[in-house]
Amino acid sequence: MNIGIIDYGVGNIGSIERALEELAVTGKLLTDPSQIMGVEKIVLPGVGSYTECMMRLHAGGWVDALQESVTEKRIPLLGVCVGMQLLSDFGAEGAADEKGTPGLGFVPGTVLRMPASEQKLRLPHVGWNEVYHRSSGDTLFSGIPNGSDFYFVHSYAFIAENQDHVAAVSFYGTEFVAAVHNRNVWGTQFHPEKSSRAGFAVLKNFASI
Amino acid sequence: MLKTRVIPTLLWKQFGLVKGVGFDSWRRVGPVLPAIKVYNQREVDELILVDITAVINNSDPDYESINDFGRDCFIPLTFGGGIRHIDQVQVLLRAGVDKVSLNTSLYEKPDLVTQIAKRHGTQCVVASLDVRSEGSGWKCFSRSGTLDTGKDVIAWAKEVEDRGAGEILLTSIERDGTFQGYDLKLVEAVVSAVSIPVIASGGAGNYQHMVEAVRDAGASAVAAASIFHFTELTPAGAKQALAEAKILVRKAYKPA
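So the protein sequences, as listed, match chains A and B.
Throughout the first sequence, residue numbering follows the numbering used here, covering 1 to 209 in sequence.
Throughout the second sequence, residue numbering follows the numbering used here, covering 210 to 465 in sequence.
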């Protein structure tokens, strides 16, 4: 199994590479969009602001390459943290206008700041939280008990247009999307590469798709 | 709901881990790598590793060693010490670090926290504040606690939050290594001044101190070093004590 990790200058890429290595999966850092065709699966990491990440994806020529490999060739894609948020249509973080910054559009929805501050909860939402998966998360969460703890660190959350695309939820003041799934595209708001054994199980499930 | 984190702090000096009292009188604790391996296997919630010599020597982080440490760490790893440029952060993130902790740079290069937050996100920057009490308040110290910055901790905590810090690691220099308990008034004062998570540090001597920091002072997480190095108390024991006090903690993972 050959999984490509998109390296566009942000994020804890080293951690993802090592977690895959630990699972005896070859994680290959992709530094140029032309390399994307040689891989069987793609991981899209991301930390930082939605707008900054999209700018970097555009500047590096990744957006067209992802459209081609994911939409046309149906290569499985896993977005992690902001990488999951980028799967949406629009994101508010760092956006120039109210409509938001256009995303990759693989999972219909928008990404907005979490309402936690109105409820006197602290942001970022950082730490371990319980994840409850739904039927569309069956593949990604296979063998993982509901309520297992995963490591999160984020201030924005995915609002899915279609509830069928919500693969898992978690709670912080209110329910929020912890994972998404639409056809050959998956995403986790939590960091599987930093969620110890529970996280390995998710990565292993993705690698086994 | 979100779980309260128990975070061992590892102080790294040249060839190994050390621990002191009041940021002084360092005792050798042992090598770094085995400690990280053990904590990783025991599934602690997170680790903070601080190179306490880099800032004094004005040297770059020791990327090669950090790369080795990151290889065995599948829990969140925060690294601090000697970070003064955004380019260093990218190298650290490639080496397996997830968050960087800034201390001296907060005062000497105040734009850095904003630059890191803009590029890698606020969640990537931990503002580490080392403080001593002065009169009715507290003052911040830089350069491993040796330099009085003159900054009042409350005003400074708000400022680093505005500049983009995602968490505050709040260490009482006077309580450090004393086992007397966290400075609860300090923790409470900073917790109510900011809306980002605050990690209490400095002085934990027993599990009850951790319960108090969370329940009474509002800390989002508790960090400790001496009690895990020099006593029989463990992160797992701490979590059990927190759970008994009705504070939510992360459960050990059990596959179906």
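Quick caveat, the hints were computed from the structure, so don't treat them as lab data.
Ideal placement from N, C-alpha and C gives every residue a C-beta, glycine not left out.
Heads up, a few of these hints could be off.
Claimed, not checked - Just a few of them, taken from the derived set where beta-carbon distance is under 10 Å, the chain A residues facing chain B: (1) 47; (2) 74; (3) 121; (4) 123; (5) 125; (6) 142; (7) 152; (8) 170; (9) 171; (10) 197.
> Hints broken by the structure, by number, lowest first?
Replying inline: The structure conflicts with hint 2 only, although it agrees with all the remaining ones.
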